[in-house]
Amino acid sequence: MSFRILRVNLSNRTYHVEELSEEIFKKFLLGRGIGDYILYKEVNPAIDPYSSENKLVFATGPFSGTTVPGAARLSAVTKSPLTGTITSTKAGGHFGMEMALGDYHVIIIEGASDSPVYLFIKGDEVIFGDASKLWGKTTSESDTLLKKLTHPKSKTLVIGPAGENLSPIAGIFVDGHRALGRGGAGGVMGSKKLKGIAILGKSKIGFKGDAEKYKDLINKLYGYLRQSEGLKRFKAFGTTGNVRTINLAGSFPTRNFRDSYLESYENINGTEVNRLYLVKAGACAQCPVSCNRITKVEYDGKTYLVSGPEYETLWSFGGATGVTDLKYVILAHHLANEYGFDGISLGSTIACLMDLYENGHVKDLPFEAKFGDGEAMVKLIELAGKNEGIGALIKEGSLKLASHFGHPEYSMSVKGQEIPAYDPRGIKGMGIGYATSTRGACHLRGFNTSQEVYNAPDPEYRLKYTDEKVDFLIHNQNMRALQDSLGVCAFVGGYYELEDYSTLIESLWGISISPEDLYRAGERVWNIENLYNRKAGISRVHDTLPERIFSLPVKSGPSSGEAYDKSEFERLLNLYYEKRGWNQEGWPEFSKLKELGIE
Amino acid sequence: MRMLNVNYEKCTGCRLCEMACSLGHFTLFSHWFSRIRVSKGKTFFHFYPQFCTQCGDAYCVRACPTGALERKFNLVHYDRNKCILCRQCTFACPWGLIYPDPEMQFMIKCDLCGGDPECVKICLQDAITFVDVEEGPDIKQFSNVNKMEGGR
Chain G
1 MSFRILRVNL SNRTYHVEEL SEEIFKKFLL GRGIGDYILY KEVNPAIDPY SSENKLVFAT
61 GPFSGTTVPG AARLSAVTKS PLTGTITSTK AGGHFGMEMA LGDYHVIIIE GASDSPVYLF
121 IKGDEVIFGD ASKLWGKTTS ESDTLLKKLT HPKSKTLVIG PAGENLSPIA GIFVDGHRAL
181 GRGGAGGVMG SKKLKGIAIL GKSKIGFKGD AEKYKDLINK LYGYLRQSEG LKRFKAFGTT
241 GNVRTINLAG SFPTRNFRDS YLESYENING TEVNRLYLVK AGACAQCPVS CNRITKVEYD
301 GKTYLVSGPE YETLWSFGGA TGVTDLKYVI LAHHLANEYG FDGISLGSTI ACLMDLYENG
361 HVKDLPFEAK FGDGEAMVKL IELAGKNEGI GALIKEGSLK LASHFGHPEY SMSVKGQEIP
421 AYDPRGIKGM GIGYATSTRG ACHLRGFNTS QEVYNAPDPE YRLKYTDEKV DFLIHNQNMR
481 ALQDSLGVCA FVGGYYELED YSTLIESLWG ISISPEDLYR AGERVWNIEN LYNRKAGISR
541 VHDTLPERIF SLPVKSGPSS GEAYDKSEFE RLLNLYYEKR GWNQEGWPEF SKLKELGIE
Chain X
1001 MRMLNVNYEK CTGCRLCEMA CSLGHFTLFS HWFSRIRVSK GKTFFHFYPQ FCTQCGDAYC
1061 VRACPTGALE RKFNLVHYDR NKCILCRQCT FACPWGLIYP DPEMQFMIKC DLCGGDPECV
1121 KICLQDAITF VDVEEGPDIK QFSNVNKMEG GR
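Residue numbers (my numbering), protein chains in the order written: chain G, 1 to 599; chain X, 1001 to 1152.
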């Protein structure tokens, strides 16, 4: 057994290595699961997320640093300053792979430093470096400087000015451009005065099981991947092709959810991104997919090379704000990355401000901020990044912003976290998913769009309130928890069977774990997250959707006239709790916890 | 006659080739055991996979005092048994593409996997290909024409 945990204490600048027991691995795996377990065991749910008692756990999966396709993702788990819940956020990039090749699968950051600090993990050694010269720098600058200070081949995690300014919508950036975005992990890192981590893996991963079995399975997987039509499309468009699909399904939240269909969506669709701005396709470590769009955009006499946009940011800076000039959308995505924000939350917060402005609730802005105004959007992001004027409020997220102006109902968020780009009025299952997600509104937790749009029996299916959608949701949530805990990317997850995961773990690590137990582990991860949240004070009243979803019907597009029926929502929520084995307040029943072996 | 060919424009820097190489030769995973190494350029999206290109009149062969390195069948062949680990080849190679393993047991250099390179098999971007010698420049020339005509 050789999963090692590196525990670093920033308060007294010490570190030591621990071993993960096989028993805990079998229950929670790695990635998101082990992060959740560590937080559950070690961090009191009642603490202030920005206090030094909060911990930040980085964990990658058991397949990192191998040839398993698309399986080197990194999770960060902490108590979220945005939602007050546990949050786990994932990113691709190369840090996870480098961790595994450095023989660390988990890194726990404890305490807080008094002055800006960076870590350099070089083989068995951890160096605490002075980061005062990096403080205030953008994510890409910090990445470049940190590599200069440490090693040109090291891989980095950095925060931008947003994280330094304790923004609850700040992310952590892998190699300066892949975001551990949602939930404000960047703010937590900033509160610890930790500007960045560089790592240089100096170890190797050997086989503890049967290498031939591994090779056979890998050959089979690459065989599928080479022939897959879906993958070819994905390589060509990344996630951006979704703009068209979701608009045609009437579920593209437009102008802060005042509508659910962007009339000129063709202007910000993937084909336009490719035609006008694409330079190259990029990929994460160990991934044959290459979904990342690398684009070039010119603005104000300068040329920007951008890692992105993604579907989500095309929505948040495009649909949500009503901006349909792709140049501004890509630039906004870039600036959000550079300042270190979560693009979904930042875009949605700006949309919220524009909505407040148009309805006369915000008056003293130095410039107009109407829906569709790209210039204003860019200026607002600059202000948020610099923490100046209205920007100081924007960086706090939409709920605090809207509450400041006396209209919290303008914030399209669940538990404080902004709803992403799938309108629950148009895809009903997503609504229960957002409400019950363990980190506030999130499309990744239970992606019912898969069953209700992509593989739907008929185009109207997405609008129905059927019981089976709850079953789909629970299955999606468990499966995603499992994939996250194995570090497998959602975009290749579909190519694996549960048996494949078992075979891979057994052949690589010599640990036998049945497909049923793996599925169980996913369910366990979901339950422990929920249990943590209930202890942190989350209750049924928080498991809901913004009022606008229930009361404001969609104006145009294929979901015209649709709102979310409140009584149907309550019925499905009851059903969800029941099927989960939780009581009607959302607490897991003792019998459920016993069944899952959670203490 | 075939050669390893690389198209930098297609490389996404995923480093699956490094992992496949170390798996194929040593049944383990490590950059340091890989014969192909991907270096990052100045930007975040330019990557340069580098590997021994089996030089004709190779500097490493000239520098080798024991005959452990020898050119035969269009391959710079390395014989572990004759190697004294003096590492003069590392210093002689202008590209740094022959180097010792981290435990200093032997030298690591590309051997084309005996004619079926692992890095090529795993590269779904087709950035690394194993092609007839005439074809390598063809690919490059063709992509250049594309560029001149305004394609991407």
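Because the hints were derived from the structure by calculation, they are not lab data.
Glycine included, each C-beta is placed from N, C-alpha and C at the ideal position.
Careful: at least some of the hints might be erroneous.
According to the in silico footprint, chain X covers these stretches of chain G (three or more CB under 8 Å from chain X) [stated by the list, open to error]: (1) 61 to 69; (2) 92 to 101; (3) 169 to 177; (4) 199 to 206; (5) 220 to 226; (6) 274 to 283; (7) 311 to 324.
Below are the DSSO-like pairs computed for lysine-lysine, each with C-alpha atoms no more than 27 Å apart in a straight line [unchecked claim]: (8) X:Lys1140 with G:Lys235; (9) G:Lys133 with X:Lys1040; (10) X:Lys1140 with G:Lys147; (11) G:Lys147 with G:Lys302; (12) G:Lys133 with G:Lys232; (13) G:Lys280 with X:Lys1109; (14) G:Lys232 with X:Lys1109; (15) G:Lys215 with X:Lys1140.
Verification of the hints:
1. Counting residues of the segment 61 to 69 of chain G whose CB lies closer than 8 Å to any CB of chain X gives 4, so the stated coverage by that chain holds, three being the minimum.
2. Look at the segment 92 to 101 of chain G against chain X: 3 of its residues bring a Cβ nearer than 8 Å to a Cβ of that chain, three or more, so the hint holds.
3. A stretch counts as covered by a chain when three or more of its residues have a beta carbon under 8 Å from one of that chain; for the segment 169 to 177 of chain G and chain X the count is 3, and the coverage holds.
4. Residues of the segment 199 to 206 of chain G lying with their CB closer than 8 Å to a CB of chain X number 6, which satisfies the three-residue condition for coverage.
5. Counting residues of the segment 220 to 226 of chain G whose CB lies closer than 8 Å to any CB of chain X gives 3, which reaches the minimum of 3, so the coverage claim holds.
6. Counting residues of the segment 274 to 283 of chain G whose C-beta sits closer than 8 Å to any C-beta of chain X gives 6, which meets the bar of three, so the coverage hint holds.
7. Here's how the segment 311 to 324 of chain G fares: 0 of its residues keep a CB closer than 8 Å to some CB of chain X, so the rule of at least three is not met and the hint is violated.
8. Distance check on the hinted pair: Lys1140 of chain X and Lys235 of chain G sit about 21 Å apart at the alpha-carbon level, within 27 Å; holds.
9. Under the criterion of a C-alpha separation no larger than 27 Å, the hint pairing Lys133 of chain G with Lys1040 of chain X is consistent with the structure, at around 24 Å.
10. Between the alpha carbons of Lys1140 of chain X and Lys147 of chain G the distance comes to roughly 32 Å, so the proposed pair goes past 27 Å and is violated.
11. For a cut-off of 27 Å, the pair hint linking Lys147 of chain G to Lys302 of chain G stands: about 25 Å separates their Cα positions.
12. Annotation: proposed proximity of Lys133 of chain G to Lys232 of chain G is violated, straight-line Cα distance about 44 Å (limit 27 Å).
13. At roughly 30 Å between alpha-carbon atoms, Lys280 of chain G and Lys1109 of chain X are farther apart than 27 Å, so this suggested pair is violated.
14. Under the criterion of a C-alpha separation no larger than 27 Å, the hint pairing Lys232 of chain G with Lys1109 of chain X is inconsistent with the structure, at around 33 Å.
15. With a C-alpha separation of about 33 Å, the suggested pairing of Lys215 of chain G with Lys1140 of chain X is violated against the 27 Å cut-off.
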